[in-house]
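S.K.: The sequence shown lines up with residues 5 to 263 when you count with our numbering.
If you're looking for bench data, these hints aren't it; they were derived computationally from the structure.
Hints should not be assumed to be uniformly reliable.
Unchecked claim - Under the rule of at most 25 Å between Cα atoms (straight-line distance), these lysine-lysine pairs were calculated in the BS3-like manner:
1. K90 - K206
2. K206 - K155
3. K121 - K155
4. K206 - K121
5. K90 - K121
Quantities reported herein were computed from a predicted structural model and do not represent experimental measurements.
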Amino acid sequence: MNPEGAQRPNLSEGGRGDEDASGLWVGFDADDTLWHNESYFIESYDLFAEVAAPYLADFDDPAQAAHDLLIATETANIPSFGYGIKGATISMIEAAITASDGTIGAVELMRLIDRAKAMMDHPVEFLDGAVEALDALSHHRLVLLTKGDLKDQHRKIDASSIAERFDAIEILHEKDHDSYLSAFARHGIDPARFVMVGNSLKSDVLPILGLGGWAVHVPYVTTWAIEHAEEPVGHPRFRPALNLFEVPDLVEACLGGGT
5 MNPEGAQRPN
15 LSEGGRGDED
25 ASGLWVGFDA
35 DDTLWHNESY
45 FIESYDLFAE
55 VAAPYLADFD
65 DPAQAAHDLL
75 IATETANIPS
85 FGYGIKGATI
95 SMIEAAITAS
105 DGTIGAVELM
115 RLIDRAKAMM
125 DHPVEFLDGA
135 VEALDALSHH
145 RLVLLTKGDL
155 KDQHRKIDAS
165 SIAERFDAIE
175 ILHEKDHDSY
185 LSAFARHGID
195 PARFVMVGNS
205 LKSDVLPILG
215 LGGWAVHVPY
225 VTTWAIEHAE
235 EPVGHPRFRP
245 ALNLFEVPDL
255 VEACLGGGT
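Model the full assembly from the supplied sequences, consistent with the hints where possible.
M.R.: Listed below in structure tokens is the structure:
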């Protein structure tokens, strides 16, 4: 396993074979791009609000106050715990203790922990058009670029049986300029000959555009507050998509020429 990301044996060296020797690569995000993820977190956040709101009764909207407290706590904790279920759960426990001034009981905290355990077992549900998009682009080199809890990401990759569709897989601690550069260096990817497909403007689109690559944005039905960013309207290498069925044609247009 690479210390900067998790690579599958052989896949990091082109496990699918040399379908595309042109140096063109297509990257896909996983969570909320290929399969549902945020919807499970929303259920957990709703539970947190239910647990914490009684301690925030002085606010006009206790549920919103609970949400704001949790987002602030998660944001502060990302450098320490990273992304994913474990980090979110630690943040929920900390935020619940903060909301209650330390008076919250063990039974209430266990509800949050039990929810986290249930999340670690949730099924992998592909988004409509995900498999079709991968199949349509299979003649290019494909790399899965995801971030989050290492165990949970491996679980979903294994459960989805999707690894065989990729030439490389990277589970990153962060998706920013330096993390992408390191991943590209490991696989010999030229950013100018690379298209990233993802749901997050902050993590999947803006860093790639900053490196000189192409980015296709496929928005999910909801966006985690921490991932909000402004759409780079007018950028010559940015392409918005309504859904995954539009992705193959957009990717081919990017790789076939352009700016």
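S.K.: Now tell me, hint by hint, if it's right for this structure.
M.R.: Do the hints match the structure? See the list:
Of the pairs offered as hints, the one joining K90 and K206 holds, with about 22 Å between alpha carbons and a cut-off of 25 Å not exceeded. Between K206 and K155 the CA atoms are separated by roughly 23 Å; this keeps the pair inside 25 Å, and the hint holds. Taking the CA atoms of K121 and K155, the gap is about 12 Å. The hint holds against a cut of 25 Å. Proximity of K206 to K121 is assessed by CA-CA distance (about 28 Å); at most 25 Å being required, the pair is judged violated.
Annotation: proposed proximity of K90 to K121 holds, straight-line Cα distance about 9 Å (limit 25 Å).
Checked against the numbered hints listed earlier, the structure breaks hint 4 alone; every other hint is satisfied.
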